[in-house]
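Please build the complete structure, drawing on both the sequences and the hints.
As you go down the protein sequences, you meet chains A and B in turn.
Residue numbering for the first sequence is 1 to 248, as defined by the numbering used here.
Residue numbering for the second sequence is 1 to 503, as defined by the numbering used here.
Bear in mind the hints are in silico, worked out from the structure with no lab data behind them.
None of the values given here were measured: they were computed from a predicted structure.
Just so you know, not all the hints are guaranteed correct.
Subject to a maximum C-alpha distance of 20 Å in a straight line, what follows is the list of computed PhoX-like cross-link-like pairs (lysine-lysine) [what the hints assert, rightly or not]:
no.	chain 1	residue 1	chain 2	residue 2
1	A	K10	A	K20
2	B	K306	A	K20
3	B	K91	A	K244
4	A	K89	A	K131
5	B	K94	A	K244
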Amino acid sequence: MATQIRIDAKGLHYTSLNQKIRAAIADGVKEIIIDNVLGQRFIGNGIRGDDVTITVNGVPGGDLAMFMSGPTIVVHGNADHAPGNTMDKGNVIIHGSAGDAVAHSMRGGKVYVRDNIGYRGGIHMKQYLEKRPILVVGGAARAFLGEYMAGGLLIVLGLTGIPPIEERGVGSGIHGGEIYVRGIIDKNNLGVGAQQIPATEEQKTMIKPIIEDFAQTFGLDSVPLLTSDYSRISPASARPFANKYTWE
Amino acid sequence: MTIGSIPLRFKVDIDPDQCMLCGRCVDNCSYGVFRKDGDAIRVNSRNCVACHRCSAFCPRDAISIYEKPTDYRSHPVWTREVRENIFNQAKTGKIVLAGMGNALPYPIIFDRLVLDACQVTNPSIDPLREPMELRTYLGKKPSSLSLKESADGTVELITKLSPNLQIETPIMVGHMSYGAISLNAQTAIAKAVSRIGTFMGTGEGGLHESLYPYQKNMIVQVASGRFGVDINYLERGAAIEIKIGQGAKPGLGGHLPGEKICADVSYTRMIPEGSDAISPAPHHDIYSIEDLKQLVRSLKEATEWKKPVFVKIAAVHNSAAIAAGIARSSADAVVIDGFRGGTGAAPRVFRDHVGIPVEAAVASVDAKLRQQGIRNKVSIIASGGIRESADVAKIICLGADAVYIGTSALVAMGCRVCGTCYRGQCAWGIATQKPELTKRLDPDVESVHVENLIHGWTLELAELMGAAGINSIESLRGNRDRLRGYMLDEGLLNVLDVKTVGA
Numbered sequence: 001m002a003t004q005i006r007i008d009a010k011g012l013h014y015t016s017l018n019q020k021i022r023a024a025i026a027d028g029v030k031e032i033i034i035d036n037v038l039g040q041r042f043i044g045n046g047i048r049g050d051d052v053t054i055t056v057n058g059v060p061g062g063d064l065a066m067f068m069s070g071p072t073i074v075v076h077g078n079a080d081h082a083p084g085n086t087m088d089k090g091n092v093i094i095h096g097s098a099g100d101a102v103a104h105s106m107r108g109g110k111v112y113v114r115d116n117i118g119y120r121g122g123i124h125m126k127q128y129l130e131k132r133p134i135l136v137v138g139g140a141a142r143a144f145l146g147e148y149m150a151g152g153l154l155i156v157l158g159l160t161g162i163p164p165i166e167e168r169g170v171g172s173g174i175h176g177g178e179i180y181v182r183g184i185i186d187k188n189n190l191g192v193g194a195q196q197i198p199a200t201e202e203q204k205t206m207i208k209p210i211i212e213d214f215a216q217t218f219g220l221d222s223v224p225l226l227t228s229d230y231s232r233i234s235p236a237s238a239r240p241f242a243n244k245y246t247w248e
Numbered sequence: 001m002t003i004g005s006i007p008l009r010f011k012v013d014i015d016p017d018q019c020m021l022c023g024r025c026v027d028n029c030s031y032g033v034f035r036k037d038g039d040a041i042r043v044n045s046r047n048c049v050a051c052h053r054c055s056a057f058c059p060r061d062a063i064s065i066y067e068k069p070t071d072y073r074s075h076p077v078w079t080r081e082v083r084e085n086i087f088n089q090a091k092t093g094k095i096v097l098a099g100m101g102n103a104l105p106y107p108i109i110f111d112r113l114v115l116d117a118c119q120v121t122n123p124s125i126d127p128l129r130e131p132m133e134l135r136t137y138l139g140k141k142p143s144s145l146s147l148k149e150s151a152d153g154t155v156e157l158i159t160k161l162s163p164n165l166q167i168e169t170p171i172m173v174g175h176m177s178y179g180a181i182s183l184n185a186q187t188a189i190a191k192a193v194s195r196i197g198t199f200m201g202t203g204e205g206g207l208h209e210s211l212y213p214y215q216k217n218m219i220v221q222v223a224s225g226r227f228g229v230d231i232n233y234l235e236r237g238a239a240i241e242i243k244i245g246q247g248a249k250p251g252l253g254g255h256l257p258g259e260k261i262c263a264d265v266s267y268t269r270m271i272p273e274g275s276d277a278i279s280p281a282p283h284h285d286i287y288s289i290e291d292l293k294q295l296v297r298s299l300k301e302a303t304e305w306k307k308p309v310f311v312k313i314a315a316v317h318n319s320a321a322i323a324a325g326i327a328r329s330s331a332d333a334v335v336i337d338g339f340r341g342g343t344g345a346a347p348r349v350f351r352d353h354v355g356i357p358v359e360a361a362v363a364s365v366d367a368k369l370r371q372q373g374i375r376n377k378v379s380i381i382a383s384g385g386i387r388e389s390a391d392v393a394k395i396i397c398l399g400a401d402a403v404y405i406g407t408s409a410l411v412a413m414g415c416r417v418c419g420t421c422y423r424g425q426c427a428w429g430i431a432t433q434k435p436e437l438t439k440r441l442d443p444d445v446e447s448v449h450v451e452n453l454i455h456g457w458t459l460e461l462a463e464l465m466g467a468a469g470i471n472s473i474e475s476l477r478g479n480r481d482r483l484r485g486y487m488l489d490e491g492l493l494n495v496l497d498v499k500t501v502g503a
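Following this line, the structure appears as structure tokens:
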């Protein structure tokens, strides 16, 4: 039994592609390499298998690894919107940029994006007990980063410039979890319910192994990343809407 | 400015000649109306919400509850409700939260539609003697069938059929989450629907482990908060429902306050205890009808196209066009939730003023899908304000395949529609997570009540169909000729595609 297979995705519909992936995992294949990926959506949706690695060569379409629980997907190329959407467990490593709503509602595992992400990155990420999702972005992020965030850890490193976000709505409605950015973001860009405080040494120590892992994954020098100052964006209150309502 | 105290909403009287000081009212009231004081029961009427738990358990019928014991100067514009709402907001400056469904006295279209019956020229059918077909299949139907006949004469179906849900009666129980209602209430409904052969919705609260035995009768919901959603949850459900909107508060998300997130709700929703569970107004991965199609297909891919996917929208002005988009998204059913739909908590201004009646929405959705030749691509499920079997019959005549009931099922378990679900103090053990209250609801006993209700409605539906000379629900569906409008205006008759009485 082969532990590694290659799939040529050229001209293949996403359902056929996913069927091949599922069949391979069911057969005990541990390493799946998919070539010529060109916009196929939903790759790896809902698949399980903690020891399975899928390499995607090309540009996957939206909702990559949605509901995924276990495997690692490595993308050599950019990804479309919402990779890691509602993902439960596993890893998504993107050697490139990704679109909007990266890691939307993610509840576990980690998503690493080497370059930039679009709008609403990490929106409504959540955590529960040992499940604490991690999203790390190497470059920059667009508006509404970490909106409605309910848990988890989001780090934006700003390798393309500091601060890594210069648009509004950062952490608007955040009521759990934490966002670390290199440098300081303009306070006018903080969303309602978010607060920004310089990260303490203790907090920097907490994120250090994650940054090291990220740097190692993409072959980056971690030293400048580790010696920088970070800001921590967190909920001003765990109950952002508590004072909005009265009873009839 | 001094507003002073607002007149009592309810006055509780205890008849001292009847009262035997047993104290059941003291024990049963979860709102603190009663206290025992020596040889008398004292009453604080201001705390009363008229949930009737006390009077229902008073062994001597000693308790009477009166609504609005103090009159305002009557005025048709400045109603009591309008004035009290102003007092409330003048004091607080906040959004007013309210429970249950629409509380304004809009005319009810159902009550202005009448059903037909056979007389002489075509005989009615006796359901006691003749089989009545109420079984319904929800999901896509093929527009045509391809068959292949082999040499030995056997015929093979070539067309690939989409998965459908088989229900033995066109009545299901809609989505009320664990968190909004208690686990005992959900369990009672689960037991009832599995015995009947119909389905219930989980709501956006995940699926509690103890309900796994009933999972084949469960429709699991995926809403904007994605609470409790993982691949196991999706695979457990018989179908998956994407909740876009809710009739009680169209355009809004949901917000379960932290104090309702007890350990067990936290576990089922997969969020920390005591944290707010906020469902955003939109799904943040759906900003267009094309995005909806992606979520539908994403759910299908994740579950290998084995399960029907429903999409629930609130009944709003453009429901018909939206439903046409949904029908083209690969979804298998569209749920139309009318503006009378219930809720644990909604801003009063939304509950009472946003959305349209389910009767008009379903009729227009059905008509639009037929005009476009895509009615077979989705089933239509109607919900929001279905109160009795006649409503079921009428909405099916207007084009629905099945209905969801919500409040009706809760009333079957004791709910008195007091509308204070958002307080989390439900004395009936339904809309609360307090163990001392939830234990009042015995899932075995209440499951029988819910089952009885659906069974009774199903019998009545069969009788109504038989009287109309119809022996299959298929022949009732969209059969507007069996309806007549009574005192409806011409515009509405046109929307419903129903003739007036006498015509």
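Between K91 (chain B) and K244 (chain A), is the straight-line Cα distance small enough, at 20 Å or below?
holds (13 Å)
Check whether the Cα positions of K94 (chain B) and K244 (chain A) lie no farther apart than 20 Å.
With a Cα-Cα distance of about 6 Å, the restraint between K94 (chain B) and K244 (chain A) holds, given a limit of 20 Å.
Hint check: K89 (chain A) vs K131 (chain A), CA-CA at most 20 Å. Holds or violated?
holds (8 Å)
Is the hinted pair K10 (chain A) and K20 (chain A) satisfied, with a Cα-Cα distance of at most 20 Å?
Between K10 (chain A) and K20 (chain A) the Cα gap is close to 13 Å, so the pair holds against 20 Å.
Is K306 (chain B) close enough to K20 (chain A), meaning Cα to Cα at most 20 Å?
Holds, at roughly 17 Å.
Of the numbered hints given earlier, the model fails none.
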